[in-house]
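J.: Use these hints to put chains B and C onto chain A, whose structure you have.
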Amino acid sequence: MRKRLKINNLQAFLQELQKQATLIAPVKTDAGEREFRPVEQVADIVLEGSNPLRSPKEYLFPQMETLYTFHLQKDGKATLKETLHNEPQIILGIRPCDLHAIAYVKEFYSTTHQDVYVLEKWKHTILIGWACQNPLNTCFCTSVGNSPVDSKGADIMMAKTDSFYLVEVLTVKGKDLIEKIPSLLEDSPEADNEVLPSIQKQTESMIREKVDLLSIKGRIDSAYSSSIWKSYSDVCIACGACTFNCPTCTCFDSADLLETCQDGCRYRTWDTCQNYAFTLHASGHNPRATREARLRQRVMHKYQYSVEQLGLFSCTGCGRCTRSCPVNIDMVSIIKDIKEVVDHGEE
Amino acid sequence: MKKQIEQNVQQLLTQIWKPGDLIIAWKNASLPGHRTPAFLYRKEDIQDIVFDSFCDISLAKYLNERNRQEILPPHFKGKIHIVCKPCDAKSVMQTFSDQQISETLVNLIVVACDGIIDRKKIEKHCDQSIVDMQETDFQILCTDISGKEYVFEKRESWLRKCEDARNCDLPYYYGYYFVGDEKEYRTRLKHRYQTHKKLPQDTMSPKELQQKIHQELSRCIRCNACRNICPACFCSDQCVFDKPKERAKLVENQVTTENTILYHMIRFHHIAPNCTGCGECERACPKDIPLHIFFEYFNRCMEEEFGYKPGKTNDERQKLLSYNLGEDLV
Amino acid sequence: MANKELIYLFPCLAEQRKKVLQEIQKKYPLVQVVPITCAGRFNTSVALKLIHEGAKGVIVLGCEPGDCHYREGSAISERRFLLTKYTLKAFGIEEDRFQALWHKPSDVKKTMADIDLFIERISTFDTKGGSNEKAN
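In the order they appear, the protein sequences are chains A, B and C.
Take the first sequence: its position 194, counted from the start at 1, is 219 in my numbering, and no numbers get skipped.
Take the second sequence: its position 325, counted from the start at 1, is 340 in my numbering, and no numbers get skipped.
Take the third sequence: its position 119, counted from the start at 1, is 136 in my numbering, and no numbers get skipped.
With the rest of the complex left out, here is chain A (with noise of 0.2 Å):
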């Protein structure tokens, strides 16, 4: 179903929107940059420019997360409290890139193991995307085989034009939340048709370069011994900078607080493969003890580990590792060296 909303009703449609749920956009913050928060007005919503560093993952995958309370009873018996949230939500303003993150993110956790804290939240959430035309020059989606305008994972997916945004609703839950706001929208006329490919066309020529991965799918492992991770893991500090920015990094840490003798609480945070202590045994061994195979590990798992698991690529091309690496280390000349190796062999 397609729609089009015009461009002084967006406003109101953001406010019958916030009505329905919690609204989650990009929102301009005190320190000048544009993050997804929970909307306060809806007149602080930026919609275009750069893509927030910080994803919209953790509105369904939290970097801290209470699993459950625990309290022990007088009599010695121990209580549980699962703690779920599992308030409605809506996310306006999901690039592809992160839309694809996110559908990532719901099948690894419904796949190998039930993860209940995440897919409860996807239950209750509804995103809603939005065509990329502001491109940085860190991303890379069409190395991936994304595009800017790919709406996977999306209930809702809007666009812009000059005259009018496109609405496109793609799910039932979207169709749910759209038949809910009468009146705002118009129908489409067949001529809309094109409104995406040309956004795409546009998009995808300020994209800086494109190495296609997606011919070498499968066959990544092969540069597994290769020496270009040196070169990498020479530079890189081994901070946690790239994960915790990554859309698609899924691991966590678990931990028992307790608060008084009686009183605590499980909780888990986001863990970075890059930390030395993240595979160290209780023995003191340590299979991943060099940088290298960190590193290695991290790129592969983006490249190969999960196309083994899932069949998907667990990097969508947002960039966010290099935009945020403070050793400038460049996603993309890594794919290059990958690809080239992967291609020719090592030299």
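In case anyone wonders, no lab produced these hints; they're calculated from the structure.
One or more of the hints may lead you astray.
[To be verified] Computed footprint of chain A on chain B, listed as stretches where at least three residues anywhere in the stretch have a Cβ under 8 Å from a Cβ of chain A:
hint, region
1, 59 to 70
2, 92 to 104
3, 233 to 242
4, 268 to 282
5, 317 to 325
Note that CB positions come from ideal geometry on N, CA and C, so glycine has one too.
T.: Same frame as chain A, but now just chains B and C:
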């Protein structure tokens, strides 16, 4: 001027380089305005070395013991030639006095620097993402993705540390090569602005300060970039924050603002005696948290209270770790 | 996690200090005594953690520099304690919440007088609040 220095560095290195040596310098990365550390083992590679106003990364970090283990090939017998700005040279001095590396292993090459550009500052002023960034003598020329051109004055876009000439003085150490005119560099330094800036600790009441810190650090994602890039942090895998066998956990893994404040409090408390004020933590922070309000304050304390400036010489024992009976306490 | 309203006292375990500690515990039930081997061995990060999480104050009780059983032990810590005070100040917390007292272990009168003074001074400070923010 920097072009000339770049050539001189390359020339010097071709003269002093011997087979088996390692050169640590900067090279171009693929994005505009990005320079990345280069580790060179071959003579042909020396021509890749770059030095310009975008070389913001401090290379001193790569000298400390744990990093060296990762980088150096097994049975490395040669020397390490490291190219440094004067501010990084201080971090190298601190690495020496922390006994992270023996001085005999290192050839220090200090380049005359007249300031480094804060790339983030420039990117903030552009509407769209930058595809080209060039420098002239006084200006930075940028082109964004839509073809729009921008001109920035260099003197308005320095990194914060470059505005204070105290960060630019040369260490008391006679084992370095200086590329550029050292006499001219020293006189230029004398005429520059040398004073501590006003910090929030001076102007705000404790309550306001607490609020400000709470507000700034609430953005922190605990990615540890500030810790891992810090040339003074050398504990590496044995850090108190992620040492798994630490019996009492100092900071819980829970990412709350309170825990984050404690994390930064303990981190700065630990590095204060070694901190040379290189500003790498602030530059590395992906969330642009103004960490200078802490390290500049500690730098000043160390200087005023202990009369001690980290990184001034190569053999000063850290004041807070050593004491000889009969010595004055402060 | 630090108990709010408490004052933590870290005395070095010199033999003659037992009398002082007994007296302190009698007079101030809110003072929590945590004995350590030497004041030079005190990990100042712990003081920061306690104060940050809401403890009212932290006192370290050590022998006079030079008088220490471990020779320069307490002297090195004297420098570190100064830095600890600056750290508190840098983060907007009253520096007086942390205090190191250097007394001869047998000098009960002087030690008690100084602890009285310390408790009087920090009684004017309100509780910092500490980690109100719980996991959600």
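J.: Which numbered hints does this structure break?
T.: Failing hints, ascending: 1, 2, 5.
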